[in-house]
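Asks: Line by line, the protein sequences give chains P and D. Sequential numbering of the first sequence, starting at 1, is according to our numbering. Sequential numbering of the second sequence, starting at 1, is according to our numbering.
Don't take every hint at face value.
[Said to hold, decoys possible] Only pairs whose alpha carbons sit at most 25 Å apart, straight line, appear in this in silico SDA-like list of lysine to any residue:
(1) K57(D) <-> K109(P)
(2) K109(P) <-> T102(D)
(3) K71(D) <-> N96(P)
(4) K67(P) <-> V19(D)
(5) K42(P) <-> K71(D)
(6) K42(P) <-> T76(D)
(7) K42(P) <-> A53(D)
(8) K109(P) <-> K14(D)
(9) K42(P) <-> I26(D)
(10) K109(P) <-> H10(D)
(11) K42(P) <-> D63(D)
(12) K109(P) <-> G29(P)
(13) K11(D) <-> P96(D)
(14) K42(P) <-> R111(D)
(15) K42(P) <-> G3(D)
[As the list claims (entries may be wrong)] Short derived list, chain D residues pointing at chain P, Cβ under 7 Å:
(16) G16
(17) F74
(18) E103
Keep in mind that the hints were calculated from the coordinates and are not lab data. Just so you know, even glycine gets a beta-carbon here, dropped at the ideal spot from N, CA and C.
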Amino acid sequence: QKEVEQNSGPLSVPEGAIASLNCTYSDRGSQSFFWYRQYSGKSPELIMSIYSNGDKEDGRFTAQLNKASQYVSLLIRDSQPSDSATYLCAVNNAGNMLTFGGGTRLMVKP
Amino acid sequence: DTGVSQNPRHKITKRGQNVTFRCDPISEHNRLYWYRQTLGQGPEFLTYFQNEAQLEKSRLLSDRFSAERPKGSFSTLEIQRTEQGDSAMYLCASSPWTGAATEAFFGQGTRLTVV
C-alpha cells in the first residue's frame with residue numbers, strides 16, 4: 001500500500017464547475033499536508049497547506065483535512081482552463097521529508 | 001529572483017558518464033531537499049540537509065548517488081556511472097525550519113536524459 005494515494009484521473013470538469021480532488025494517507029502520525037500544482041514539464045508549485053482538521057480557504061481553493069479518516073481534499077471553485085494541471089498531495093510526518101502521492105490530472109473544459 | 005535555482009535545466013549524457021547538478025535554495029532557508037520525478041509519478045524523496053548536515057537518505061539512493069551541502073548554502077547532487085534508469089527530473093526544494101513542518105518550495109528542476 002502506498003503511503004499517499006490519489007486517483008490518477010484524468011478528472012474532467014466543465015469551466016465554472018467545482019473540481020474536487022482527494023487524497024488518503026497511511027501514517028497516522030502525519031502532521032502537515034500540502035497541495036502542489038504541476039503543469040506539464042514544470043516543477044511543482046505550492047498552492048495550499050493545512051495543518052489542523054477542518055477547512056482552509058484561499059481564494060478559489062479550499063483544503064479540507066480529516067485526520068480521523070486520514071483524508072485530505074482540495075476543492076477548486078469556478079474552475080478555469082488554466083487550472084488544468086496535475087495536482088499533487090504531499091504529507092509531512094515528524095517534520096521530515098514530504099511524501100507525495102502520484103498526482104491527479106485535472107482537465108477543465110471550456 | 002529569490003526562488004530556488006537549479007542548474008543546469010537540461011542535461012543529456014551518455015551512459016556511464018558522471019553528472020553533477022547544483023541547487024541554490026532560498027537564502028534564509030536552512031532545509032534543502034532533493035527529489036526525483038519520472039513521467040506520470042509523484043516526486044520521490046532522495047535526501048535532505050539541515051544546514052550542512054545530511055540528515056536522511058532514501059533507500060532508493062544507490063551508492064552511485066552522492067549529495068553535498070558544504071557550507072549550508074548551495075547543494076550538489078552527483079550521479080556516477082549514469083544508467084538509462086537515471087533519466088528523470090531532479091528536483092530541489094528548500095524550506096525554513098522552525099521546529100515544525102513548514103512549506104517547501106521547489107526549483108525549476110534539472111531534466112536528465114541518459115542515452
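Asks: Taking the hints in turn, state whether each one holds.
Replies: These are the hints, each one checked on the structure:
1. Annotation: proposed proximity of K57(D) to K109(P) is violated, straight-line Cα distance about 41 Å (limit 25 Å).
2. This hinted pair does not check out: K109(P) and T102(D) have alpha carbons roughly 34 Å apart, beyond 25 Å.
3. Between K71(D) and N96(P), the direct Cα distance comes to roughly 21 Å. Compliance with the 25 Å bound is thereby established for this hinted pair.
4. Annotation: proposed proximity of K67(P) to V19(D) is violated, straight-line Cα distance about 42 Å (limit 25 Å).
5. For the proposed pair K42(P) and K71(D), the alpha carbon gap of about 29 Å is over 25 Å, so the pair is violated.
6. At most 25 Å may separate the alpha-carbon atoms for a hinted pair to count; K42(P) and T76(D) meet this at roughly 21 Å.
7. Between the alpha carbons of K42(P) and A53(D) the distance comes to roughly 29 Å, so the proposed pair goes past 25 Å and is violated.
8. The straight-line distance between the Cα atoms of K109(P) and K14(D) is roughly 41 Å, outside the 25 Å bound, and the hint therefore fails.
9. For the proposed pair K42(P) and I26(D), the alpha carbon gap of about 18 Å is at most 25 Å, so the pair holds.
10. Proximity of K109(P) to H10(D) is assessed by CA-CA distance (about 32 Å); at most 25 Å being required, the pair is judged violated.
11. Of the pairs offered as hints, the one joining K42(P) and D63(D) is violated, with about 28 Å between alpha carbons and a cut-off of 25 Å exceeded.
12. Taking the CA atoms of K109(P) and G29(P), the gap is about 38 Å. The hint is violated against a cut of 25 Å.
13. Distance restraint check for K11(D) and P96(D): the Cα-Cα separation of roughly 29 Å exceeds the 25 Å cut-off, and the hinted pair is therefore not satisfied.
14. A hinted pair counts as satisfied when its Cα atoms are at most 25 Å apart, and K42(P) with R111(D) qualifies at roughly 10 Å.
15. With a C-alpha separation of about 15 Å, the suggested pair K42(P) and G3(D) falls inside the 25 Å cut-off, and the hint holds.
16. Annotation: G16(D) was flagged as interfacial toward chain P, and the flag is violated, the nearest CB pair being 27 Å apart, outside 7 Å.
17. Here the hint on F74(D) is broken, as its CB sits about 17 Å from the closest CB of chain P, past 7 Å.
18. The restraint placing E103(D) at the interface with chain P holds, with a minimum CB-CB distance near 5 Å, inside the 7 Å limit.
The structure does not agree with the numbered hints 1, 2, 4, 5, 7, 8, 10, 11, 12, 13, 16 and 17 stated previously, though it agrees with the rest.
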